[in-house]
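Enquirer: Listed below, chain by chain, are the residues.
2 protein chains.
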Amino acid sequence: MTIEFWQETAELKRKNVAAQVPKEWMLERVPTPEEEPNAYEYLKKCLPKEENDIADLTIIELAQEIARGTFSSLQVTTIFCRRAALLHQLTNCCSEIFFARALDRAKELDQYFAQNDKVIGPLHGIPISLKDQVNLEGIDSAIGYVSLVNKPIKRAQISNIANILDDLGAVLYVKTTTPVAMMSAETVSNIYGSTLNSCNRKVSCGGSSGGEGALVGARASLLGLGTDIGGSVRIPSGFQGLYGLRGSSNRLPYCNIRNSMANQPLVCSVVGPMATDIEDLKLFTKLVIDSKPWLKDPKCPPIPWREFKVSEKLSFGFIDVSVYSYIHPPIKRALKMVKERLLKEGHEIIQFEPPISFPQMAELWHRIVCADGGREISEECRRSGEPIREEILVANDDGSVSKEACITEFWDDAGLQYKYQQEFDQYWLSTSSMTKTGRPVDGLLLPLSAVTSYKIGDCKNFFSLFFTQAFNLLDYTVVTTPVTKADRDVDLIETQYQPLNKLDELSYKYYDPELFHGTPVGIQAVAPRYEEERAIHLSQTISKVLNS
Amino acid sequence: MTIEFWQETAELKRKNVAAQVPKEWMLERVPTPEEEPNAYEYLKKCLPKEENDIADLTIIELAQEIARGTFSSLQVTTIFCRRAALLHQLTNCCSEIFFARALDRAKELDQYFAQNDKVIGPLHGIPISLKDQVNLEGIDSAIGYVSLVNKPIKRAQISNIANILDDLGAVLYVKTTTPVAMMSAETVSNIYGSTLNSCNRKVSCGGSSGGEGALVGARASLLGLGTDIGGSVRIPSGFQGLYGLRGSSNRLPYCNIRNSMANQPLVCSVVGPMATDIEDLKLFTKLVIDSKPWLKDPKCPPIPWREFKVSEKLSFGFIDVSVYSYIHPPIKRALKMVKERLLKEGHEIIQFEPPISFPQMAELWHRIVCADGGREISEECRRSGEPIREEILVANDDGSVSKEACITEFWDDAGLQYKYQQEFDQYWLSTSSMTKTGRPVDGLLLPLSAVTSYKIGDCKNFFSLFFTQAFNLLDYTVVTTPVTKADRDVDLIETQYQPLNKLDELSYKYYDPELFHGTPVGIQAVAPRYEEERAIHLSQTISKVLNS
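Those protein sequences? They're chains S and H, same order as listed.
Just so you know, we're using full-length UniProt numbering here: the first sequence kicks off at 1 and counts up by one.
Just so you know, we're using full-length UniProt numbering here: the second sequence kicks off at 1 and counts up by one.
Among these hints, one or two may not hold up.
Treat identical chains as interchangeable: a pair holds within one or across any two.
[What the hints assert, rightly or not] Subject to a maximum C-alpha distance of 30 Å in a straight line, what follows is the list of computed DSBU-like cross-link-like pairs (lysine-lysine):
(1) Lys419 - Lys299
(2) Lys154 - Lys419
(3) Lys309 - Lys299
(4) Lys286 - Lys296
(5) Lys292 - Lys436
(6) Lys419 - Lys403
(7) Lys485 - Lys45
(8) Lys44 - Lys309
(9) Lys344 - Lys23
(10) Lys296 - Lys313
(11) Lys154 - Lys502
(12) Lys460 - Lys296
(13) Lys202 - Lys299
(14) Lys15 - Lys419
(15) Lys485 - Lys23
(16) Lys286 - Lys299
(17) Lys286 - Lys118
(18) Lys296 - Lys436
(19) Lys502 - Lys15
(20) Lys151 - Lys419
(21) Lys309 - Lys286
(22) Lys332 - Lys202
(23) Lys292 - Lys309
(24) Lys485 - Lys336
No lab work stands behind these hints: they were computed from the structure.
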């Protein structure tokens, strides 16, 4: 078999990334997933206690200590670079590594601090990681395409959010892997291969912000930026025990973030933080909004941060999701846990009957997001000669892509989306007649997916994404909230289940207590459109009852 | 020549509308435009002084008097119904007349007032007129299509803004004419024929909110709702001496307003008030926003009313528009007047160099708005058999329509629009280095069009709409602000002008001091995206200096 040019390009890129890891941080031998399923635990064993302790702080704590002079930026940056270097070897999570640049930046920050006796901004010295799509000067944003390798970003293309992070004082040190064109819930490309779950290396990290999920999941970053058009922030957040925000379209600035089908105007990819701590996630989101991103991004609506101020007990809607799909036992248990704890703490729960079914919303999502019939993806792959991967959403089973819509069909789908939004909003408002608070439900709670995760290479169509895609279509705000971990001793195989259909049977049979043991399980806390503040408050409330 | 079915339908519709005018309000003879060019002056002669005096109040004054019990709602409604009835005979401005319903509503309001000793809302008893597109139960919204005649709107389709008006206490009494599909700057359709300018009946009222412009222009309504996708609120407002707001997309709720190419997502038609008084326009806009339209319209961004608070002198950008087109003498004079008065009152004026030319922005506007190649318009016309009118923007000279774009082209144009928006925003921000205030310019001032108006049937392609279309593409906020009137004794023909090209020559030669004498001239006061409050403040400032 001859090696094709695209294969050489990809291999060279992989080697170049790997070469950015200093020799002294190279593992002598990478343990197998079976030997060391949990990368965070493995790092704990490999690294000095002082370093682990610092990585176990929240951003709020860390920023405080840096501002007090307890730690220098250089010290903190070095710790996170080293963790990222190790984690990349364990999970293959980095698409770009630029430690030298990060350490230079850290030194500059330390110098500023020494000279001015104050920090440069509220994130002074905090390492922040970025999904590969975020443009940084002089660095590739290949987003999984071999054709985009070795095309470093120019100054004029730097992402607005990267500039905001600079202004806030953050230190950027790595970018993380995505599937080709971000069009999969598994993180794999012809450039990098697959990224493993850092909490359970036997399974997938999810996607498309999978590299970010893996990195933050092992605290090799305390907060990273992902993007989400169908679940891409939420799913890897859930699979790695993180908080992840999918806000409404352009609440956070997407300007100059590289994207596939970037100008499809109906269901927008959004950028959002993935964090180990909900207070960190809140602070970050507020800081970005406080920077008034609408002044430099025409798509951002000028909505300032508005603290969510309901101090009483909340009212939550639960949806009976069993009508759509078998739900894996750990997820079912997570939902039950949350429900019981909320009730115990005096919150209210009502049954929420979505006026449009989730598969129906997902069907429209697919038609809109794939309306170019995969033309852009095919063309971009053709440029390098790399084959279109079968995980890509637009590709049919035979590798062919779906039919391109005409303008009228696309506009009709825009109208249908608007109709669904109106119906869903209306139903939500109508729940005020069912709650004790007299308000409509404050939020909705539902799973991220029917399955716990998947083995590498297994992310096929029967793992439906309708629970997440629906909220992109509706443009609601969601925070993935970690709840528990799959437990082989508790989450047993259910033998009595009658599958709804063939696909459901596949999903049902996919549950494997041994394989998934230790994999985090999160849920979606959903608030209406442009209510990021409220979605975060829902997540805070859930975390509080879970820890009480 | 046989009469076709669509012609019968149209004729019957015209007769049905006319039949809604009570006999006692029928003019014995309709004076010719030459006899009575100004309908407002003619009404002054026809109607009792007490009625004219009430029609000369502002909404704020009128609402106050109604709330004090000085006038009843029935009295006020009757006065405006009568004015509308007369004006319809003079200008052909009404598409739907429903006086009986209005008078019933007025009686109900009076009853409420008598029983509760308070008004039902801040617009209690104020007659508000509506462009034909606004859906009311049991009434057609034909938007110029014969195929949509005799298809009364159902309860579920009532426009959100109509419900808001109801809640505010307004009285609805007429809907007004539009060109077919709102795709022209002249108001003419196969149903109604042409609508005349109420300030100068020899020329066009403009369009597409031309019926509304004519009606409010003669104070047969003090405030009406128009819509604007390329200048449709602004042009008829200017041609009839009114204030007219084109806000950013969905700042005011468009939900359930009937539209053509309703789901084209890039350049959105917006709904906006057209009023005789800027304080009335401000009050109205604030009331609608205060009603939180985003709760019931998923497209409305949740941006509350934010008073524009700059109390110092303002800084205005002027664009040298002579590079694009010959500007008719009355318009040139209007711009000069505004400039001089602003300077005299201590405001600042700087030269603003748009980073993208207006014709270039208009070209993109056309590609986006007409991306379906006129398919919807053709199909809708085919339903009734009516011919596609040559005024319609999508139609070529031979009546054929432009080519339909493919999805990729449409998405590419979305990207280009975003690029233009970024460049324009960036340039605007950069003007802070040129102003004495240190702020970027507070607003831009420029003409609505190069021509004063046009004779009925003359609205052809050489009257370019680029000065208005550009701000739809950019999604900026604009208030048309009345300045002066064309004056045959002052605005003389210029003999020294060298036309820029063939079209410019046509436009130049079109100026006719006698024809246009008395036609109002307005300008555009432009503010950035979602800055309706500021655009209104600019207009208030200009009005103040003009009247000082």
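Enquirer: If you check each hint against the structure, which ones fail?
Expert: Of the numbered hints given earlier, those the structure breaks are 8, 9, 11, 12, 13, 14, 15, 19, listed in rising order.
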